Amino acid sequence: MGLSANAQMIEFESGGLKYQALTKDGLTIMVAPLPTHVREYTVVQVAVQNGSKSALTIRPEDFLYRPDSGTEMVATPVRSVMNSLIERASKGDVIKLITAYESGIYGNSQYKSTNGYEQRRQSALAEFTSTRLKAAAAASAIALVQTKLVPGQSTDGAVFYTMAGKLFTTGVLQVRAGGSVFTFPMVSSGKDLIPIEK
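For the sequence shown, counting from 1, position 98 maps to 80 in my numbering; every step adds exactly one.
No wet-lab data here; the hints were simulated from the structure. The structure presented is a predicted model; accordingly, all values stated were derived computationally and were not measured. Be aware that one or more of the hints could be misleading.
Straight-line Cα separation of at most 27 Å, DSSO-like style, residue types lysine-lysine; simulated pairs [stated by the list, open to error]:
#1 6 to 130
#2 35 to 148
#3 130 to 148
#4 0 to 148
Derived Cβ-Cβ restraints for the label pairs, each shown as a range [as the list claims (entries may be wrong)]:
#5 17 to 154: 14 to 22 Å
#6 -9 to 50: 35 to 43 Å
#7 50 to -8: 20 to 28 Å
#8 -6 to 162: 18 to 26 Å
#9 62 to 158: 19 to 27 Å
#10 51 to 134: 17 to 25 Å
#11 61 to 39: 16 to 24 Å
#12 -9 to 130: 24 to 32 Å
#13 68 to 8: 24 to 32 Å
#14 43 to 151: 18 to 26 Å
#15 133 to 70: 38 to 46 Å
#16 53 to 133: 31 to 39 Å
#17 70 to 36: 37 to 45 Å
The beta carbon of each residue, even a glycine, is placed where N, CA and C say it ideally should be.
Throw the hints in and build the complete structure from the sequences for me.
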């Protein structure tokens, strides 16, 4: 991916998203908050490349958001996100979620997935006609799921946080993976996200 092996933070823009990337012991993690919010969820796009010499397991629950003021937040389980979208999602929810995610992941020249969204999307979206089921399928395809990455493999996905339409405030997104802790600063924009149609 062209990133150095040390723990220096690299920041770049790609596909309309602002990414932060860190590499430790050959494992590279990139994060970028999505510019849109779906229902009560604030979403972070994650990409992981295993350049280490051993297999590693990546889990969404290892992504903790720690605001400077407030309590630590663990990522919302994918099943909870899917159930919520099945109950209340609109066509706009589906379009916004897929558009925001795809513009970031397909526009990111620093990352090429071997085991991520595109593979999950093809199997998840083709079978549904209901808008709410499509929204749940989109969330399922987009969501970061527990994945074992052998050396040379990569994955991507979205991590959802239940934040009632609020942006991240100043704090950190902390990831425990591969025996290391990756810390990404989160900066408040000073305003809330605008929710998409209800």
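Evaluated hints:
1. 6 to 130: Status holds; Cα separation ~17 Å.
2. 35 to 148: violated, 39 Å
3. 130 to 148: Violated, at roughly 32 Å.
4. 0 to 148: holds, 18 Å
5. 17 to 154: 14 to 22 Å: Distance hint for residue 17, residue 154 holds at roughly 20 Å.
6. -9 to 50: 35 to 43 Å: The hint (35 to 43 Å, Cβ to Cβ) is violated, given that residue -9 and residue 50 are roughly 18 Å apart.
7. 50 to -8: 20 to 28 Å: holds, 23 Å
8. -6 to 162: 18 to 26 Å: The hinted range 18 to 26 Å holds for residue -6 and residue 162, with Cβ atoms some 21 Å apart.
9. 62 to 158: 19 to 27 Å: Between residue 62 and residue 158, where Cβ atoms are some 21 Å apart, the hint holds.
10. 51 to 134: 17 to 25 Å: violated, 41 Å
11. 61 to 39: 16 to 24 Å: holds, 19 Å
12. -9 to 130: 24 to 32 Å: For residue 130 against residue -9, whose Cβ atoms are near 26 Å apart, the range 24 to 32 Å holds.
13. 68 to 8: 24 to 32 Å: Violated - the Cβ-Cβ distance for residue 68 and residue 8, about 39 Å, lies outside 24 to 32 Å.
14. 43 to 151: 18 to 26 Å: Taking Cβ atoms as reference, residue 43 and residue 151 lie about 21 Å apart, which means the hint holds.
15. 133 to 70: 38 to 46 Å: Given about 41 Å between the Cβ atoms, the range holds.
16. 53 to 133: 31 to 39 Å: holds, 37 Å
17. 70 to 36: 37 to 45 Å: At roughly 42 Å between Cβ atoms, residue 36 and residue 70 fall inside 37 to 45 Å, so the hint holds.
In the structure shown, a violation is registered for the earlier hints numbered 2, 3, 6, 10 and 13, in ascending order.
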